[in-house]
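*Asks:* Here are the chains, one letter per residue:
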Amino acid sequence: EPEVTQTPSHQVTQMGQEVILRCVPISNHLYFYWYRQILGQKVEFLVSFYNNEISEKSEIFDDQFSVERPDGSNFTLKIRSTKLEDSAMYFCASSEDSRRGYFGPGTRLTVT
Amino acid sequence: RKEVEQDPGPFNVPEGATVAFNCTYSNSASQSFFWYRQDCRKEPKLLMSVYSSGNEDGRFTAQLNRASQYISLLIRDSKLSDSATYLCVVPRNNNDMRFGAGTRLTVKP
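Chains F and Y are the protein sequences, given in the same order.
For the first sequence, counting from 1, position 101 maps to 81 in this note's numbering; every step adds exactly one.
For the second sequence, counting from 1, position 100 maps to 137 in this note's numbering; every step adds exactly one.
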């Protein structure tokens, strides 16, 4: 079965640095999402992306965050000037029809 | 009311028990609903979709009550391997899948 992949599996960065989290969605999917899960807390929606532009974003997704689909396969989340509270698991998901979401294994971001 | 609200649990049940979780939602226009399962430190995985009044898949039954705006998940004959967090998802629209906080289930021998 096709899978969503994410790299790296674990990223450690210093406060104030920029990180780019990468995702390769399932190839025929059209809708892409990023979610965040702080340890022990709920899965939080960050942003959705369709037709090469952001279609929805949550209140968490402020100017510190950006997303890009630089080529036909990758979908990236950039976090600028990271803060301690950005430490979380970041999940990418893709969907063929915006209904069933397939999640990647996540990137654990640790900001020190 | 929160957009998607779940009883956080935890639910601790013995093997073989029947357990049910509820999820309430605020958007009366929602048309589709999903239950996901999340194991510790893993990604959410789709368990069941609920498009009409409900559906059944083996030991799992999902039901939708539009009048009261809730969906439920019933697990019969629970197994140790059912221990996980169960997440309710109610899309706001085509582009926004919001998760409930999840209900933690522990099945004990």
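It is worth saying that the hints were derived from the structure and are not from the lab.
Note that the structure is predicted; figures quoted are calculated from it, not measured.
A virtual CB, placed ideally from N, CA and C, is assigned to each residue, including glycine.
Don't take each hint at face value.
A partial selection of chain Y residues facing chain F, derived with a Cβ cut-off under 7 Å [claimed, not checked]:
no. : residue
1   : G46
2   : E80
3   : L84
4   : M85
5   : G95
6   : F97
7   : T98
8   : D133
9   : R135
*Asks:* Evaluate each hint against the coordinates.
*Replies:* We went through each hint and held it up to the structure:
For G46 (chain Y), the interface hint is violated, the least distance from its beta-carbon to any beta-carbon of chain F being 13 Å, above 7 Å. Checking E80 (chain Y) against chain F by beta carbon gives a least distance of about 4 Å; that is within 7 Å, so the hint holds. The restraint placing L84 (chain Y) at the interface with chain F is violated, with a minimum CB-CB distance near 11 Å, outside the 7 Å limit. Using the Cβ-Cβ criterion of 7 Å, the hint placing M85 (chain Y) at the interface with chain F is not satisfied: the shortest such distance is roughly 10 Å.
Annotation: interface hint on G95 (chain Y) violated; nearest CB of chain F at approximately 18 Å, more than 7 Å. At a threshold of 7 Å, the smallest CB-CB gap from F97 (chain Y) to chain F is about 16 Å, leaving the interface hint violated. Of the supplied interface hints, the one on T98 (chain Y) is violated, with its beta-carbon coming no nearer than about 19 Å to a beta-carbon of chain F, more than 7 Å. A hinted interface residue such as D133 (chain Y) counts as satisfied when its beta carbon comes closer than 7 Å to some beta carbon of chain F; here the least separation is about 4 Å, so the hint holds.
For R135 (chain Y), the shortest C-beta to C-beta distance to chain F is roughly 5 Å, which falls under 7 Å, so the interface hint holds.
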